[in-house]
Amino acid sequence: MKNAIGREIPERIGDRALAPFAGAFATTHAGPKAARHQKTAPRVDDKLLPSIDAAIEACGLSDGMTISFHHSFRDGDRLINQVLDACASRGIKDLRLFPTALFPVHEPVIGHIENGTVSRIEGSMNGPVGAFVSQGGKLAEPAVLRSHGARWRAVEAGNVEIDVAFIAAPQADRYGNANGIRGKTPCGTISFCAVDAQYARKTVLVTNDLAPYPVHPMEIQQGWADVVVEVDEIGDPGSIVSGTLQLTKSPTRLRIARLTAEAVKASGCLVDGFSFQGGAGGISLAVTKFLGDEMERAGIVGSFGMGGGTKLLVDLLHRGLIRTILEGQAFDLDAIASLREDAGHVLIDPGFYANYDSRGCATYMLDAAFLGATEVDLDFNVNVNTHSDGLLLHGIGGHQDVAAGAAMTMITVPTLRGRIPVIVDQVTTVTTPGEVVDVIVTERGIAVNPRRDDLKERFAAAGLPVRPLEDLRHEAEKQVRPIARPVFGDEVVALIEWRDGTVIDAVRKAEGWT
Amino acid sequence: MEILCGSEAKGDCLVAAETVDAPRTEISTKSEQLLMPGLRSVVDETRAALGVENVSLRVADLGALDYVVAARIETAVRALNPDASPIAPAVERKRSQRDRPRRSRLYAPGNNPRLLAGIDIHGADCVLLDLEDSVPPAEKAAARILVKHLLAAVPFPDEVWVRINPLDAGGIDDLEDVLRGCPNGICLPKAESAEDVGLLDRELARIEDDLGLPVGSTWIMPIVETAPGVFGCEAIATAGERVVMIAFGAEDYTRDIGARRTRESLLFARSTIVAACAAAGIQASDTVFADLDDMAGLAEEAAHARDLGFNGKGAINPRQLDAIHRAFSPTADELAHARRVVEAAAEAEAAGSGAVALDGKMIDKPVLDRARRLITYGERLAGGGDAA
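In the order they appear, the protein sequences are chains R and L.
Quick note: the first sequence uses the numbering used here, first residue 162, plus one each step.
Quick note: the second sequence uses the numbering used here, first residue 34, plus one each step.
Quick caveat, the hints were computed from the structure, so don't treat them as lab data.
These numbers were taken from a predicted model, which means no experiment stands behind them.
Some hints could be false.
[What the hints assert, rightly or not] Pulled from the structure, derived: some chain R residues nowhere near chain L, Cβ distances all over 12 Å:
hint: 1; residue: A196
hint: 2; residue: V392
hint: 3; residue: G429
hint: 4; residue: G505
hint: 5; residue: M569
hint: 6; residue: D614
[Unchecked claim] Which bits of chain R does chain L cover? Going by a derived footprint, with three or more residues having C-beta under 8 Å, they are:
hint: 7; segment: 409-419
hint: 8; segment: 638-644
For every residue, glycine included, the Cβ atom is placed at its ideal position computed from N, Cα and C.
Next comes chain L alone, as it looks inside the complex:
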């Protein structure tokens, strides 16, 4: 029986694996003399790492990066031989800070090498490698293995997350593979209760321990996209130390409640999520905006989400990042005003005065706290996210 994995799309490769008595490796590529030595060393190393014998491999390359070739071979070989041990690539990734800026989360389909190539360069605060909605059922295994290899090969300048499948529909298998790539966090789709988050928390702890990672090092971003999820927000937001942000998914939510997508139909869910996150001291991220060509509409929706109290918004294409970052970054005027508030408070304190005023307006403690937070946030953005 021959197993096929990958595709003949540009940037991918097609791997055929077969159990035989006399194993062979055949490689084809466009510019054979130029590319063969490099390809052969990737194929040989991947074969050795999988520790399989009696498997013939045919690799048809269409300009795949090394990690794509390795992932396709691993997928084919494990499909052929379920006992083959998953490859554990070497990864270096620093843990990200709990409250770092997360203005944008950029989705990328987890089984499309062409769209994944260079996903790290666009300046998204969080890149979100997707194993769920954008991956057809037949490609789930290929996607989780590809994402693992990508995580190990690409040094992301900011955070990288993985959206897994629901835990009762392949999500745990996803975790077993992708945690070997040490993502900063895991997005949990269709979160509805503290128990959903608790189950993920326990699975993460088990796998982190198995892999020798510090237990608790992987963040969780529950995605609330159903009516029960909205009502469960408060519990979800406080369901554990790992939860740093809740994301809102409007498409599934409107379908669930039988609404059309309007500002009014989403307002209750949006505000509920924002309030629950604020109460728990975590961040809230708004839903994606689907019309790629409507930049004005995107800017308007992002400003609306910012006004409601969201900290960020999802993006389905790098083109959307500019508008989103603009909406969720403090303006120069806002920062200047915040600095004046803090200075006025410092002067009043030095003068021993209890009441603080600026431009004839009283500054009470919430206003002062807000100004301080804004300044810290602005400094973090200027310093590239994780800078203290």
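Extracted from the complex, chain R is given alone in its bound form:
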């Protein structure tokens, strides 16, 4: 069947009937959510077990179950591979893997798919596992990708029932309180999986720093945790800092960042109380810097910056240019230090910032957001999941949540990456619909969604280079011959869910080339 933006999606996957995307805010849900598992508090002060293997046994983990993880260590995570190895040694089969995200470090997951330990994945896949899944025929069912907020919603709604949540905890006590900002190897917030801890049949904290009771802040609480395990290694915080956290020196990218900052100013929202979402990536970081300098010049104090916490965002807090950082994820070690030390730096979880089925989302309070993309199309649809060759190489992150929430959503992209055009007729995969994308900023000019003539007028009045998206595409395509396009077969390898649980697109197996 076709959904509201014309993408062909399957009617069912296994015994699950799929709901087609109907519009960014088209569905409403009411009534009770899924029930949490009832537990009676143990009158022991020690939930410690000697090993991951012992925890697996104690939780009764067996064939076909669902296990979940968070990704706060990003490419430095050491837990997922340990747990899967232990499951494989016990001969457990057909697990459904439900991580918030996988990274290149999780390449061994491929081996566990091949040996039958893992047969389904619901979660973002960055790198080799995504590429492997794209080839089709590898998993028992298509993978399911959700945004941070959508994943939280899916657990609360009972769409995904977790059997065992394994939570890498940089600091934990023996009774099951834990956080990610203290300990020997802090990784920032671990609240990504606070919902897992509450809804899972069993919750296991895995720590490399067992500290005296009570550990605080209590991102994960004693009332949610069944088992605590101490191991040598859970993750390498050095790896949460990636190359994308360097301020760019590229003149092209700096120009995009400067145009973005000027557009924010021209939009009229850069006044006292201004709020914005900055992410990682060279362009976003540079925009954050330029906006901070502009706020300082104009004597403006912002209400909050949302992260992806980075040194640059922390600098704005320290300079008094924003009052608060709402932080769902740390992108460098400066952000983690600031979480411990700065009263204005607040840990938040995806339920707070982006849950569609809740009574409020922090993203809805954003004045402006600047986000990246692998492709954008003439309908302003954005793809962050697949590359132009059809391979599934990235997760959704908070892209949908922030784009849907911010009053002005700006996509900052170069018109070309090497020989590959970024502005295309139709994106390979729709992650975020054009309905919630207001502005596309490129080095060759700024394209404004026809729904936002108000912004177009303001940008033009400020002398900014407002251009039709089609012209920008045409200019880039003059520099390179057309690329080939993948031809997709019928087999669906992954579903892209929208924030409300409907399906916005299906990723199909690439079977040839035009």
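Got chain R sorted already, so can you dock chain L onto it with the hints?
Here is chain L on its own, set in the frame of chain R:
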């Protein structure tokens, strides 16, 4: 013998050419299925345009744009076979006006595809593709061919110039290639006399004629950067119809005269250049400012140059353009005042009064002329340079 050209840097490609009996073409790139059809058509067309047989080509692509691929192949093939005819790409470029605003001239190294990509987007009044100081001797041929292909492929919104090597050190070879890309003008380094400019003028005329371009269509910007150059300014500025601006090069100049770079040590040269240009009715452009991180210093130096009478200044990075454009653009107040001067003069003329006054100050003819020039200049900037 195998000839190599290009590099394995991002945005470039490495081409190996070899004379063989059974020629082959091998292409490699990062995303083969996606990029191969496009790359193959560029390679095949370039090979056909060069009209060479018996040459094997290996092209290793690292995200090079079409014009980079074509340039690297042409360079390798011509190095292998000096008789191969240079490619003459189709170019559409309008001639620019002689006295258009030239507040900034943005330098870009002529053999670095990564830094050349998107050099047209930054809003520089003049982009200056460099074949001289920023290009190592071994890369001169590659650079002039790359610049030719870039000139043909990229529609510059404002002016694009090429700085060639000195005429006795490769400059004429530079011209033979780059004029096929129809730049708006040629920068002549180390200009010292009218004869230097005259020699370039004659070479330009010869090549323009050969290529079927209108003779006289290429402007000249002599760069004065030696002591003899400073003393020769007056002759250089009047050395022909093609000369529209003189640029000052302080680094070479201070070395030549044995000075440290200070405002005082440069003042004589700067003022001499400005006076010579003013006498000849052409523009003068100040030297570049080397410290990329010192924006305050740049703004100060640009304001100083503006005060001395310069019309523009060189930039070594797009980041410097804002400060330079600010310094050399009339402010809103200046424009408003100029309009009031012109209005007051018009009213006085209508009233048949010989003397014109505004706010109690006499307005004589030089003041009025200056106000009119300022208004015209402001309109041109607002209209994007070449607008009448």
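Right, here's what the structure says about each hint:
1. A196: holds, 48 Å
2. V392: holds, 38 Å
3. G429: holds, 21 Å
4. G505: holds, 30 Å
5. M569: Consistent with the label, R/M569 stays out of reach of chain L, its closest Cβ about 23 Å off (over 12 Å).
6. D614: Holds: least Cβ distance 24 Å, greater than 12 Å.
7. 409-419: holds (count 4)
8. 638-644: Contact hint for the segment 638-644 of chain R vs chain L: holds, 6 residues under 8 Å.
Going down the numbered hints, you'll see the structure goes against none, and every one checks out.
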